[in-house]
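A.B. asks: Input sequences plus hints: build the corresponding full structure.
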Amino acid sequence: MHFPIHTGLFRRHTGDVKAVDGVSFDIFEGETLGLVGESGCGKSTCGRAVLRLYDITDGSILIDGEEIGDVPQKDLRTKRPTMQMVFQDPQASLNPRMTVQAIIQEPLDEHTSMSKAEKRDKVLDLMDQVGLNRKFAQRYPHAFSGGQRQRIGIARALALNPKFIVCDEPIAALDVSIQAQVVNLLEDLQKEFGLTYLFISHDLSMVRHIATRVAVMYLGKIVELAPREALYADPLHPYTKALLSAVPEPDPDLHDTMDRTILTGDVPSPSNPPKGCNFCTRCPAVMDICHQQDPEYREVLPGRFVACHHYANVTTEAASAAASEASDTQSLSNTNTKTN
Amino acid sequence: MTDQSIDTRDSDVARNQWWDVWDQFKTHKGAVMGAGFFIFIVLAVYVGPYIWSIDPTYIDVRARNQGPTWAHPFGTDQLGRDMLARMMAGGQTSISVGLTAMALALFLGTLVGVLAGYFKRIDGLLMRLTDLFLALPLLPLLLVMVMLFRQPLSSSFGPETGIFILIVTAIGITSWMPTARIVRGDVLALKEREFVLAARSIGTRPGRMILRHVLPNVMSPIMVSATLGIATAIITESALSFLGLGFPPDFPTWGRLLFDATDFMQQHPERVMWPGLAISLTVLSVNYMGDGLRDALDPRIRGL
Amino acid sequence: MPDGAQPVLDVRGLKTVFKIRGGEVHAVNDVSFDLKPGELLGVVGESGSGKSVTMMSLLGLLPTPPADVRGGTVMFDGQDLLKVDAETLRATRGGKIGFVFQDPMTSLNPVYNVGMQIMEPLRKHMGMSKRAAAVRAKELLELVGIPDADQRLKDYPHQFSGGMRQRVMIAIALACDPKVLIADEPTTALDVTIQAQILELMKDLQDRLGMAVIWITHDLGVVAGIADRVVVMYGGQIVEQAPTRELFKNPQHPYTRALLKTVPRVTGTRDDRLEIIEGQPPILGAQPTACPFRDRCDVALDRCARENPPRYDVGNGHDAACFFDARTGGPRDV
Amino acid sequence: MLTYTFRRLLTAIPTLILISLIIFLLLDLAPGDPTASLPLTIPPEVREQIRQSLGMGEPVHIRYLLWLKQMIWSEPLFYLSESIGWIDAPDEARLISWQTRAPVLDTVFERLPQTLMVVGLAYVVGVLIALPIGIISAYKQYSVFDQAGTFVSMIGFSIPPFFSGVLMIILFTVMMPKDSFWWFPSIYDTTLVIDSWEAFGKQVRQMVLPVMVLALQTTAQISRFMRASMLDNLNQDYVRTARAKGMTESVVVLKHVLRNSMIPVVTVIALGIPAIFGGAIITEQIFKVNGIGQLLIVSIQGSDVPMVQTLTFIFAVLIVFFNLIADILYGILDPRIRYD
Amino acid sequence: DGHEGERGRDGQLNIIYWQAPSTLNPYLSGGTKEVESASLVLESLGRFDNTGALQPWLAAEIPTVENGGVSEDLTSITWTLKEGIMWSDGSALTAADAVFTWEYCTAEGGGCAQVSYFDGVESVEAVDDLTIKITFDAPKPFPYTALVGSESPIIQAAQFAECMGAAAPTCVDANFGPIGTGPFVVDDFKANDVIQFSANENFRTAGQPAFSTVLFKGGGDAAAAARSVLETGEFDYAWNLQIDPTVLADMESAGLGTVVTGFGTSVERLHLNQFNPDAALGDDRSTAAAGAHPFLTDPIVGEALSRAIDRELLVEIGYGAGGKATCNVLPAPAVYASTANDACLTQDIALANQLLDDAGHMDTDGDGIREYNGTPMNVLYQTSTNAVRQDSQALIKQWWSEIGVGAELRNIDASVFFGGDPSSPDTFQKFYADIEMYTNNFAGVDPEAYMANWKCDDIPSPESQWQGANIQRFCDPAYDALVDQLATTAGIEARAEIVKQQNDMLMQSYSIIPLVHRGGVSAHANTLGGIEISDWDSELWNIATWYRMGE
Ligand SMILES: Nc1ncnc2c1ncn2[C@@H]1O[C@H](COP(=O)(O)OP(=O)(O)OP(=O)(O)O)[C@@H](O)[C@H]1O
Ligand SMILES: Nc1ncnc2c1ncn2[C@@H]1O[C@H](COP(=O)(O)OP(=O)(O)OP(=O)(O)O)[C@@H](O)[C@H]1O
Ligand SMILES: [Mg+2]
Ligand SMILES: [Mg+2]
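Residue numbers (the numbering used here), protein chains in the order written: chain W, 1 to 340; chain L, 1001 to 1304; chain C, 2001 to 2334; chain V, 3001 to 3340; chain D, 4001 to 4551.
Note that these hints are calculated values from the structure, not bench results. Among the clues, some could well be false.
[To be verified] Here are the simulated lysine-lysine pairs, BS3-like style, with alpha carbons at most 25 Å apart:
#, chain 1, residue 1, chain 2, residue 2
1, C, 2083, V, 3140
2, C, 2096, V, 3255
3, W, 79, L, 1191
4, W, 241, C, 2203
5, C, 2138, V, 3255
6, L, 1026, C, 2019
7, C, 2138, C, 2083
8, V, 3255, C, 2154
9, L, 1191, W, 74
10, W, 74, L, 1120
11, L, 1029, C, 2019
12, L, 1029, V, 3140
13, L, 1120, W, 79
14, W, 191, C, 2083
15, C, 2138, C, 2096
C.D. replies: Laid out in structure tokens, this is it:
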């Protein structure tokens, strides 16, 4: 997913913001894939591209084995009910001039031919499911607390019984005491409806709680993807390590004993990434080759993918397992192979 | 969050919202006074003539140039026509011109603004068009338009309707550009707002998207343009009258009355006062009303 | 840090009210705390609990109206900051007390370059010449770890990343060697890796400059890593206060306990389900006559609905505003 | 910035040509005849001869192309040869007004000084009054000053200049004794040559009334914008930062807030400049300032197509030019704007 | 009272013409404002004084048949210049300049606005330096047109030599600053704005002009101009003050100035269309092909319409000192004025009703409108857009409604109405209405050409591109015969007889209803002396003798 940059007298296309660049992953039915990374690394763009809210520059997206990467927006409409999204900012993602009823009902208006009464009943059901008081149906979003607003967003996403939901930082804007409520709700719903989540967050501790597998992004690329336990216990990529160690530990004792990797410097701009490995400017374990060559993203241990020169000579026991799995379960992949 | 028991059974959404708007509007003292006065003016000019039934064109030569009397509370003009009746007739035209021209400008501005902001493909074209109109010198253009189309229109619609259509159109199509720009800017910003994205992820069609998500959220700038628009239209009409290109001299409008009366300012100061006051107070009241309406239409302010 | 040292800042009974259409918001109610020299005091609490308002009340930074500081004393340098004249107050702000705000993106003036913004307090409070101020500004930028300081002084805020902007804010706050630095959620808007950088920087600076710091945050992790002492706020009041270790080991107030439990961790065992605090934070419509947490409290007593509990000392420099005694598992007897 | 300016200038050219074409066609369609204002005693054959001598017989496109050529080639060349001797003046006839039978541009340049002087000064005065009013009303929002400011500016906005102008004349010229200090002339003397202090005094006095009338309108509008913009900025975080740095209120308001608030206002001010040339038509008429506004009216009434065409074109150029200025100012005031 | 003295003794004279002159060459623009401003500089052989009498100006005397200046067969006139007249640049005025002037105006492609003054002129010759002989191609009973009056002054050959024909517009300096023989010279000319004159050092009369400079300001509107003379005293003389009479009277009462009126031949009149203007007739309307108007050709109807009008009131409301009620289309000069029609001066609605009743044109369907042989007597009544005209329209409409004639009012922008564009349906020549109202007059003092307007073949028609002055489409062979007779009759008395006959004939046809004899209203400061306002020539014709009165 590249955003073009135009400059000069004649608005020539002189470059791209490589917001998401050559990212590949699968999500299996019923699982939660966590996607973490710093702000601006391309998580949201990735999530939105998967749902084709952006037109991707290159690559393919398969849902249920069906390619949607190059389907025109018009024809996508019929696909929308299976894939939904929950947004980062519960305030911003609700139209301030619509009532809760109208907001939750909107997908029904678009995709079903239910009668008014049916729709209303369905909306009230949904409100029950996400734990909103039915009485609030005629209120406006501003009259709700952040957690409640996020519930409205979730109810809207659930209205069409989707299989797959992209949760784009659904808790980032919420207060600590409320975050837990929303995460629990998402987990309950997953159990109840067998939902599949792509859970985007920069809160590593929350991702650890909810995700089955975790992908770590840095500057438009996935640098590591691994099952949850493995990742947290033994991060491979230097960036993942730094990320994990930077999370403040709410226990003074542990905090003092931890040995931390504090990164220096700032994230480079995605419109002008460094030569070689994207992380080479801040990497504590940088090598010469990192400044020359972009490391390959590959499976270094079963189920564990890393893009780092440190693991260049770890032999791979073929990624066949994952591949075969993908073919018989519901899988979703977003491959963006454009690399400049 | 208190649990007020709100009847959810079949409460009509629209009425509900307007009720809230009204509640909020009521708290704005200036706005309520403005609205009250505006309604009073509108009633006075449209209903007034049924009560004060003197024909504004009736000439009573013996009673020319009179000051306020019981028979003619606002006095009479140089032909002995009743000023009160003429004020009411003039107000009908001025207010209709103001409202219609404003509505036209708003419609055009909003249409262009929304389309340009929403559909990227035609954005460039529409914005160049807006720039073009902005770069056209307005008053000269207006003058040329009036010169150009006055006769054909008054011959096909009658002199009064013809010139009304002309002036309203002229003012309307020369003043939609600021609205279009503002609306486009807001739409562009709105498009980045997550709820629009949310609606897209649902698969909402563009038409509904605009009606449901975009338009209601650009209401405030539109409202402000609207209130300013009424005022500008009334004043532009009077400027045209001054330059001899507005309504014909025998057809009263506030601007025309004010212009005619300026010659008599020393002899009959009350004659400039009536239309002058009417224009100023109308503009003032509409502006205050706009202030209040802008607040009232914003659920966030309403909710506080 | 000697326990009995004279506090640099002593706040007693602070009350702040906002007048809004149709009523008042009692954002801060009877807040008292003190700050010892060289100490780093963490202030935690959920959003809207009155942390920022408290700190801004100290320096009269709230717009009046709608804000109204109703009472209390703020002793600093032997003077009550709530009563001093405008000139003294201005000399204190920026000169003796530095302030770092929550949002680095909007807290810098976008149309002036960074150098000018750093030099402003220097010239005002220290009476420096332009040249001297420029030299000092460069030192400050280097101090907060911005490379190429000479060049960057001429840059505008939008040319800096969020983390760097926050460093600039810190540089401004530190410019006049303040005795006290108040940092209002300085890392909330930043990423974990950048946050770690800033925390590191802060600790380092505090060690080197020896000033007292008030650090507001809602992230318990941050507090655990950096603070000497912690104040927990809820509903416009301080509900608990203790040295950091003591607080995490031995939380007394049910809110603090719940808060500690809700937070998932990246280390240790993973719980299947997160603990939650049911309910909503209170609306501070009037002077509280009851415990603000009682609706969400799992150990609420009848008394909590009638009286607002005072802060009870539980030893070890630890106090908590609760009628329920966590150590005995029953009501506190007073 | 430079390429941006250049780009804007380039795009302005087609816009201007299109505008000139539109104006030309409109004027061509317009009824009216340059001989209509002549006395009825002049017989029709003579009128026809006059029309022929004005070149009215030519088809539109010929006249347009001729006009265009004269406007962008011959006339500039002519002025160039006037100022620097070594270029020969072009042979072509110059663009001639139908009314005066004299070169259109000479008349326009003759008119510009008085328009610029009166209208320009009025604008400057208006802006200078408006800014403090806007600033104080915003700083003391809802104070008596603010309310009064709102009221007065609305009145100023709603009173047409033909009314306020005549009112001023009656108050300051008719009713005032002629030897009073407060007596001001109602008729602008364009022949006044400022060669002494006395003449300067006269000039100032004769500008007082028109400037007051025009400035009233400007003040009314700009002060509203200023107030709104100040209000937007007064609540910004950086204002709090400035206060926390211990800055005095005057520094906070006049240095920090003002510059930010000026950014949108500068645009409004710059864009208002061309509008006032047009809008001053009425005031010019009332005080007989005889600037370009009055010239336009006279030419329209006399169906002097070349003059109207040229004047409207000049207005269009002004508008485009000030638009550009506004954009550039915007960039200068606001370092965030980068034009590439 | 300072009447006599040296040249330039009275300082500056301030004149305001609210419509500003666009050029000082009267041959390039026939507008009154241009002609009058130029008359300060350019002079002609003879000028008409305030009584309409011809005064020798640059000529030594007025040539007549009696003094041999006009040939017996009326085909030539010989003028002799006064001796020693100099142009303001010091060169001598000669007959060659007069010849040049004729050549200049009649040159091909120059678009001379005054070319009609040279109609019928076969040649202009310089017999010697001071003698000019003008030869006509046919007998010219009134030969005082070419080079007479303010509209065809003599211009300097030397200055305009390069400006003949199509080159005329290139001589901007000459057009904006003609060299003349008049009392003033142009110092600075700003088109459509202001002119500065100063006294001509070479003016032939010693001690004239009394003023050293003249500021001739243009712009604004009539009310402001009047105010500047009558109320604020900023100006000394203001022209064409067509404003509400009560306002003007009030201003005058301030005591600073005086309103003066000069009556010429302008008459505000109604034309009654003699052809049928019914829109249903399409392009044929108002032409001979449309046939006669259903009722306006009937003099009874015309008379009723005329008698229903209170002309005095029209004057009082719209014209004040600037108008007199009149019943003649030719009310002046006095010798030509008929008295046969003066009955119409008093309004008589009863009589008007009576006339229609007697003729049997009653209101048969009770709608308040009479029917004329079944056609309702509704008229479309148009005029140009102008406040006074609209007031008059409203008044007349009301009076007509009292005699059962309905009027629909319409007004058309003056530039269109008088614009003469053959493609516009709204010109006064096309006359797509039943009745129209405007003012017309003739220049100079001789009505011959003017009275010829109503010849049958002068009716505007599509064939003639709607040109033609017989606007109301009046046609009477007897009238045409009178026109021919006038063209061959010399001698004022004899000519006056014919002209009066023509006037009465027109009046009795009631195809034209005169309303107001209009004069030029001007105002001058009370300190200004010597003003004799003439409507036959430039108002400023005798500005050389104006002076400032002592206190
Ligand atoms: N429409 C756009 N045009 C150009 N660049 C864009 C656009 N949208 C996003 N970007 C850039 O793409 C990069 C990735 O943005 P994205 O929003 O995906 O980041 P993110 O990881 O979701 O960050 P956050 O945690 O702040 O939400 C950023 O550098 C951003 O500036
Ligand atoms: N200008 C204001 N008008 C009315 N109420 C206000 C205003 N500013 C703050 N408040 C209220 O004061 C209370 C305390 O706010 P404060 O900003 O101190 O919270 P906080 O603890 O800093 O929260 P956060 O962590 O979100 O910054 C809140 O309830 C808030 O709604
Ligand atoms: Mg994001
Ligand atoms: Mg805060």
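A.B. asks: Evaluate each hint against the coordinates.
C.D. replies: Tested hints:
no., hint, in the structure
1, C/2083 with V/3140, "23 Å, holds"
2, C/2096 with V/3255, "23 Å, holds"
3, W/79 with L/1191, "22 Å, holds"
4, W/241 with C/2203, "22 Å, holds"
5, C/2138 with V/3255, "23 Å, holds"
6, L/1026 with C/2019, "20 Å, holds"
7, C/2138 with C/2083, "36 Å, violated"
8, V/3255 with C/2154, "18 Å, holds"
9, L/1191 with W/74, "18 Å, holds"
10, W/74 with L/1120, "16 Å, holds"
11, L/1029 with C/2019, "18 Å, holds"
12, L/1029 with V/3140, "19 Å, holds"
13, L/1120 with W/79, "24 Å, holds"
14, W/191 with C/2083, "60 Å, violated"
15, C/2138 with C/2096, "20 Å, holds"
Consistency note: the structure conflicts with the earlier hints numbered 7, 14.
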